[in-house]
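Novice: The listed protein sequences derive, respectively, from chains H and G. So the mapping is simple: our numbering equals the position in the first sequence, first residue as 1, plus 15. One point on numbering: in our numbering, the residue at position 184 of the second sequence is 180, and numbering is uninterrupted.
It is worth saying that the hints were derived from the structure and are not from the lab. There are no misleading hints in this set.
Here are the simulated DSS-like cross-link-like pairs (lysine-lysine), alpha carbons at most 30 angstroms apart as the crow flies:
hint, chain 1, residue 1, chain 2, residue 2
1, H, K98, G, K437
2, G, K17, G, K506
3, G, K429, H, K94
4, H, K98, G, K357
5, G, K429, G, K549
If you anchor each label on the Cβ, the simulated ranges turn out as follows:
hint, chain 1, residue 1, chain 2, residue 2, range
6, H, R297, G, Q73, 24 to 32 angstroms
7, G, L49, H, P182, 55 to 63 angstroms
8, G, N66, H, P182, 37 to 45 angstroms
9, H, G43, G, Q73, 35 to 43 angstroms
10, G, W27, H, E70, 49 to 57 angstroms
11, H, A113, G, N66, 53 to 61 angstroms
12, G, L205, H, A84, 30 to 38 angstroms
13, H, G81, G, H245, 53 to 61 angstroms
14, H, L226, G, S325, 29 to 37 angstroms
15, G, W441, H, R89, 20 to 28 angstroms
16, G, P477, H, P182, 34 to 42 angstroms
17, G, L548, H, S107, 20 to 28 angstroms
Note that the Cβ used here is the ideal one computed from N, Cα and C, for glycine as well.
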Amino acid sequence: MLRLWKLRKGVVAALLLLFGTALALAEGPQATPSIYAPASTPAAQIQSLSYFVLEITGAIFLVVGGLMAFVCFRYRAGKNDDKSEPAQIYGSTQVELAWTVIPVLIVVVLFLTTARMIFAIQDAPKPKEAVDVTVVGHQFWWEYRYPQLGIVTANELHIPLSSKTDPKPTYFKLLSADVDHSYWVPQLSGKTDLIPNHPNELWMDPLYPGLYKGQCAQFCGAEHALMLLRVYVDTPEQFQAWVANQQKPGVQDPTVAAGRQVFETQACMNCHAVAGTAATGRYGPDLTHLASRDTLASGVIENNPKNLRQWIKDPDSIKPGALMPAMKLSDEQLDQLTAYLATLK
Amino acid sequence: MADSTLPIQGALDITPPAARKHSILEIAHSWITTVDHKKLGILYTVFGIFWLLVGGAEAIAIRIQLAMPNNHFLSPQTYNQFFTMHGTTMVFLVGMTIIFGFANYLVPLMIGARDMAFPRLNAFSFWVTAFGGTLLYYSFLGGSGLYGVGSAPDVGWFAYAPLTARAFSPGHATDYWAISLIVSGIGTVGTAINIVATTVSMRCKGMTLMRMPLFVWLFFVVSALTLITITPLTAAQIMLTIDRYLGGHFFDTQAGGSAVAWMHFFWIFGHPEVYVLILPAFAIANEIIPVFSRKAIFGYPAMAAASVGIAFVSLGVWAHHMFTVGMTSVSNAFFTLSTMLVGIPTGIKIFNWLATMWGGKIRFATPMLFLTAFLFQFLIAGLTGIMLSVSPWDWQLHNSYFVIAHFHYVLVGALVFAIFGGLYYWFPKATGKMLSEKIGKWHFWLFIIGFHLTFDTMHVPGILGMPRSIYTYEPDRGWGPWNLVVSIGGIIQGIATLVFAYNMIVSLRKGEEAGPDPWDAWTLEWTTSSPPPDYNFAIDPVVGSRRPLWDLKHPEDPDWKYEA
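Chain H extracted, bound-state conformation (with noise of 0.2 angstroms):
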């Protein structure tokens, strides 16, 4: 059976190399977040049962497909041909009942087989360590909530390595404060969509820590195209430490009062939210530890002062159809501005 399974594997990486990806089966995160190299217990059990359908319709693709070449060079008419009219045949009972009886079999094995899959994955128990997560949707970024822990954070999130020995998988509630969007991640699960009025569930047990990538996967709007996704599986401790880091309350850095104050008298907290502030803006994405993120605008650039004003100065540039205003601030605003929000690690 695990020489088979090898085998199967080898099929597949090798029509993968024909096509010049071969990378796309390595184990662990992925730029190219294929399908074909699964981190996560859903994501690989669909990736098994797909090769399970793969040898079917191979299989009667070459069978019938085959016969289609056979038919068009076998009967073809020569170029001397006679002009006379071939035998005509009108039908045949029996051999019309056999093409219909053996597709009705095929269908019944590959129904009972994805049947079991459905069942195992959508229905698969929760454990007890399970981590909890809610994640909102909303137009273009996403909202991350622990609510076993008290963390809100935003874009990137961060959820612990789980393993055969130390099962620790996430179980996500899933939300929508506007339109529909649709959460993927291909290498630890298949999507599931976020609607209104209609909260879904998910579930991932990542096996390798490092960086996931993956995006919004229902058109949402105008930067449907930019609502990208970042998932970091952390070691145990990474993610204890990122944790203590989260739950500390907002960084009250003096020397950047004058930002502080740009942000909270020019609209910034009517939307934001800063904890340990005045700023419980819940609109746009909480900003307590925005420092400590890698990326801005939903994983569109670098966490850099640099970026981080040219984003406030002009979200449109950078992000065109953003939701976020450009708030037309002067150049001494924005630079105490971006000063004050690069302390809030």
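Assemble chain G onto chain H, guided by the hints.
Specialist: Structure of chain G alone, referenced to chain H:
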């Protein structure tokens, strides 16, 4: 009756129309006021080909934008408008229009009738459909009101709620989308009623249901399916318009409406719609494959039954578009099963076509080339369809480029190839001129190369995690090279389509004369002159079998002896 004293006799102009010179105005008048099913069929088809060029141009713009990562050829807004308009145009203005063009032209001829059951309704339906399409494109000018710049719909051809609510889609673009589809839907329903009535009541003497050409069988099924499915679509459009203008809350989630309800409404229409579009491809295959294989269709009763079977099953599979919506595991399993069941009647059809070719003398003229490609491509489209019906796998592939590849395999690889084959096959009947075989072969090979470069390749970025409806992507994702190949293929397909348009124009002017029966075929339309006279048949035909012309050509061994 020929009493020369009757005053009406002198008033009758008995000169055949072709012998008189007509001014352009007269010609235009005759086309605009016509109620003749053949002229309306041609109008539908020409109109559809026009929109094919428009929708194709949008596709090429989309492909140029996606050819490279971080490209700036189109703005995000324009891109979103283009992919919305591309989908809407291709499904409603191209697919529906051309297939109804074929039905209009051929159904009465094939059943030995002189026109459709309701010729005036027929003309009305065409002009309403044409108006609906024009209205949709008028949004480019009027979508934001006459004083502002235009704004075409940008909510996707599936227009999922609540993105279409006024809160997220201000302006009038979405209204143009909804209302123009209601309008063209009225035309579609009119035509469908007409085809059903014509098929039921206008068949010539001897043509029982089991002697109808399979082409007519399929359009009978398509029309019935259209009548069932346009209804929920129109209902949903009206509800959406009520939401937007009268404060309704059907789909307005901010007020407690349901986004999932929209999906159900849309796909109860949208899935059978795929079959409304693919069954006509089967219809064309059922005529062309036997004639060019020189054999009777294999298993006629099974073919007719499978068509009805596909139509029935197609009504119960819509939620396979919703595997990621968070249905229960039992629902997911149910819709997996119902979707897989479609494979059985479809398999019967493929095998019967193969059996028809088996032992024949296959002549690979251009129509048959297109239909052979149709067979291969439809096989692949069916197999990727089975993959997508496996709902856990669909959780990965849904809304990815794999799905785009799959349904373009169905709609281009099967439907468009069949339509091209059908146009080469029946063009001589409609115009009296053969389409050039030489240019036709160029058209075919360019198109098939372009098609496979585009849509074979397109499966790969889907597997590599590329979602649909994105106007750009990051360079590090590894999708760039694949997209470049896809775009090159798309441009080759565009060139091939222009070659076809050129072929039509050139052949219409100086093509070879066709004569009544250039392909040595067997159904009734080939008994008339090419083009047929206004009234189709001077004497009402009488048929004794499924292939009346075969009986005429082979009186020693007629078909009716063998028909089950």
